[in-house]
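Asker: Listed below are the residues making up each chain.
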Amino acid sequence: MTTKIIELGPHQLALEEPMYFRVQLEGDRVADLDVLPGQVHRGMEHLVMRRNLYQNITLLERLCSLCSNSHPSTFCAAVEDVAGIAIPERAEYLRAVADEIKRIASHLFCCAVQANAIGEVPLFRRIMEIREIMQRAKEAIYGNRMDLAANVIGGVRYDLTPEAASYLAQAMEQMKKPLDQLYLQFGNNPVLMARMAWVGVLPREAAVECAVVGPVARACGIDYDVRKKSPYGAYDRLDFKVALQTTGDVRARNLVRLAEARQSVSLIEQCLAQLPAGPLCADTLPEIPAGEAIAKSEAPRGELMYYLRTDGSDFPVRLKWRVPSYMNWDALKLMLKGEPVANIPLIVNSIDPCIACTDR
Amino acid sequence: MSDCINLTGEKERLVEGEGIVDACGGRSTPSADPLSLRERVPEGRVRDGVEGCVAAALACAAGEETEVTWRRDSKGVLTGWCRLPSGEALLPAARAVAELGGRLAMVTPYLPERAQEKGEREIAYHFDLDGATLTLTVILPLEWARVPSLTPIFRNCDWQERELMELYDVQVVGHPDPRRLFLDHSLPHAPFERLVPYSTFTNAATSKVLWDKVLAGEREDA
Chain A
1 MTTKIIELGP HQLALEEPMY FRVQLEGDRV ADLDVLPGQV HRGMEHLVMR
51 RNLYQNITLL ERLCSLCSNS HPSTFCAAVE DVAGIAIPER AEYLRAVADE
101 IKRIASHLFC CAVQANAIGE VPLFRRIMEI REIMQRAKEA IYGNRMDLAA
151 NVIGGVRYDL TPEAASYLAQ AMEQMKKPLD QLYLQFGNNP VLMARMAWVG
201 VLPREAAVEC AVVGPVARAC GIDYDVRKKS PYGAYDRLDF KVALQTTGDV
251 RARNLVRLAE ARQSVSLIEQ CLAQLPAGPL CADTLPEIPA GEAIAKSEAP
301 RGELMYYLRT DGSDFPVRLK WRVPSYMNWD ALKLMLKGEP VANIPLIVNS
351 IDPCIACTDR
Chain B
361 MSDCINLTGE KERLVEGEGI VDACGGRSTP SADPLSLRER VPEGRVRDGV
411 EGCVAAALAC AAGEETEVTW RRDSKGVLTG WCRLPSGEAL LPAARAVAEL
461 GGRLAMVTPY LPERAQEKGE REIAYHFDLD GATLTLTVIL PLEWARVPSL
511 TPIFRNCDWQ ERELMELYDV QVVGHPDPRR LFLDHSLPHA PFERLVPYST
561 FTNAATSKVL WDKVLAGERE DA
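Respectively, the protein sequence lines represent chains A and B.
Reading the first sequence from the start, the letters are residues 1 to 360 in this note's numbering.
Reading the second sequence from the start, the letters are residues 361 to 582 in this note's numbering.
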């Protein structure tokens with residue numbers, strides 16, 4: 001058998017962001033993999049220390065388009081923890097609404113890209129059309145299709161008027177049937193089964209060893225969701241079950257995402273039903289004292305973690321964050337081992353990789 | 361040793377004698393079972409006993425004077441903060457956390473306030489313990505800082521340490537693959553400790569230097 005090393009870039013991997021792989025092949029099967037990140041390294045951790053805490057909300061929102069609400073909301077939670085700010089109850093629910101809207105759109109985008117990677121163009125178009133309902137909802141409520149600008153320190157900077165709430169409820173109603181159909185299609189359609197079932201398998205033990213998070217971990221049966229394990233915002237009052245699968249393959253990862261998207265619809269409905277009246281943001285903010293805090297949230301790709309250290313000034317001494325994709329790249333080595341070259345783009349996209357987040 | 365004996369009892373109560381190695385986690389052979397403690401304990405059990413269990417394990421592994429301060433937020437989420445008494449305590453403390461089923465979540469190297477004045481730097485290792493977050497902070501000298509690699513214990517520490525090594529002037533001893541991770545080789549070492557222009561740092565200067573590179577590339581292609 002011949003051993004060969006090939007280099008794959010974003011074009012071959014069907015990625016919309018630049019990431020390079022050095023793949024060692026035995027015949028036409030993957031034997032080893034080296035991930036070469038850093039093509040869009042923007043020194044964001046360097047920049048955040050040269051901007052004040054308020055400017056950083058805007059900067060962090062531009063870190064990544066798909067998790068663009070998770071970054072500012074988790075950062076704000078870290079600042080609020082340092083300063084002992086309790087955000088109003090209405091703001092907790094509104095942050096959850098924004099997070100769940102982004103989660104549905106992100107999960108559907110990932111499933112669509114995978115459909116495209118296996119040549120199922122009509123399915124790709126269908127999923128993007130369904131996702132468009134969420135994009136329109138974002139545009140109507142927040143004024144933007146990607147960056148919602150929903151968070152401020154101490155609460156949120158948008159409100160749901162009765163008209164907006166009823167528009168959102170209507171959009172959620174429209175999502176239910178298509179999401180149920182997609183779940184069945186990804187679960188049972190023979191064409192999708194042939195391409196996705198038992199492909200890119202990550203055994204549970206390997207998932208624990210690689211410390212993967214989010215849908216990649218839950219597809220291997222690891223029952224970990226930050227919203228349940230370390231509840232924040234309104235999630236301690238919302239009812240949902242952690243979506244789990246056990247087979248750890250591409251199909252399982254997509255089923256977890258589609259189940260979560262369907263749950264997000266229910267979570268948004270619960271938020272709209274429970275939404276308490278009251279202020280959107282803390283009246284006056286205290287001075288941010290010297291201190292340190294950890295804040296975590298369940299971003300669409302999994303556990304997002306922020307560490308903030310302050311010295312009493314408006315500038316952070318250190319602001320560090322770790323995105324869910326950061327560990328999931330390493331797991332690709334195990335998922336790809338023994339797979340044919342033709343499966344590489346699908347498997348890489350099945351971890352829903354975020355390069356802007358990884359490189360920062 | 362009294363703490364070690366108490367810890368044995370505590371762990372046995374926690375997992376009811378299910379395949380746990382001896383109490384002094386840091387000095388024992390790691391368990392052959394790939395599943396962590398968290399995987400084997402019914403949900404909620406670790407969280408109930410996490411404060412006492414972690415304190416005892418760290419005191420046993422890293423020295424009696426190791427203290428953990430716990431904060432519980434309004435939702436009941438725990439964060440533990442511990443400053444290790446010495447850099448040597450990091451490895452045994454990390455092993456103890458691994459045996460408690462901890463997952464390495466993040467590594468934060470930083471220059472604290474008045475770092476130059478004090479001649480000190482810090483590295484915070486954040487671990488997840490079934491929803492609770494434990495932060496172990498080591499204080500290192502500003503010059504010639506060295507830490508042992510935790511990658512042999514936590515596989516996912518690999519990239520965290522590679523990033524640490526390229527951004528800060530810290531040597532990670534025993535890292536299996538100490539290549540640069542994100543930064544180009546043309547950039548100076550440890551840019552977070554130097555005055556490096558942002559456009560140089562991101563390799564994005566729209567200057568003569570950049571165009572020289574582009575033109576040189578074109579010549580190579582031709």
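Treat the hints loosely; a few may be bogus.
Quick list of in silico lysine-lysine cross-link-like pairs, DSSO-like style, CA-CA up to 30 Å [unchecked claim]:
(1) B:Lys-478 to A:Lys-228
(2) A:Lys-320 to B:Lys-478
(3) A:Lys-337 to A:Lys-4
(4) B:Lys-435 to A:Lys-241
(5) A:Lys-177 to A:Lys-228
Per the computed footprint, the stretches of chain B lying under chain A, defined by three or more beta-carbons under 8 Å from a beta-carbon of chain A, are [stated by the list, open to error]:
(6) 460-466
(7) 484-493
(8) 544-554
Simulated from the structure, these hints should not be mistaken for lab results.
Note that the structure is predicted; figures quoted are calculated from it, not measured.
No residue lacks a Cβ here, since even glycine has one placed at the ideal position from N, Cα and C.
Asker: Against this structure, judge whether each hint is valid.
Answerer: Structure-based check of each hint:
1. B:Lys-478 to A:Lys-228: 41 Å, violated
2. A:Lys-320 to B:Lys-478: 22 Å, holds
3. A:Lys-337 to A:Lys-4: 14 Å, holds
4. B:Lys-435 to A:Lys-241: 18 Å, holds
5. A:Lys-177 to A:Lys-228: The hint holds at about 26 Å.
6. 460-466: Contact hint for the stretch 460-466 of chain B vs chain A: holds, 4 residues under 8 Å.
7. 484-493: Per the Cβ count (7), the hint holds.
8. 544-554: As far as the stretch 544-554 of chain B goes, the hint holds, because 3 residues have Cβ atoms under 8 Å from chain A.
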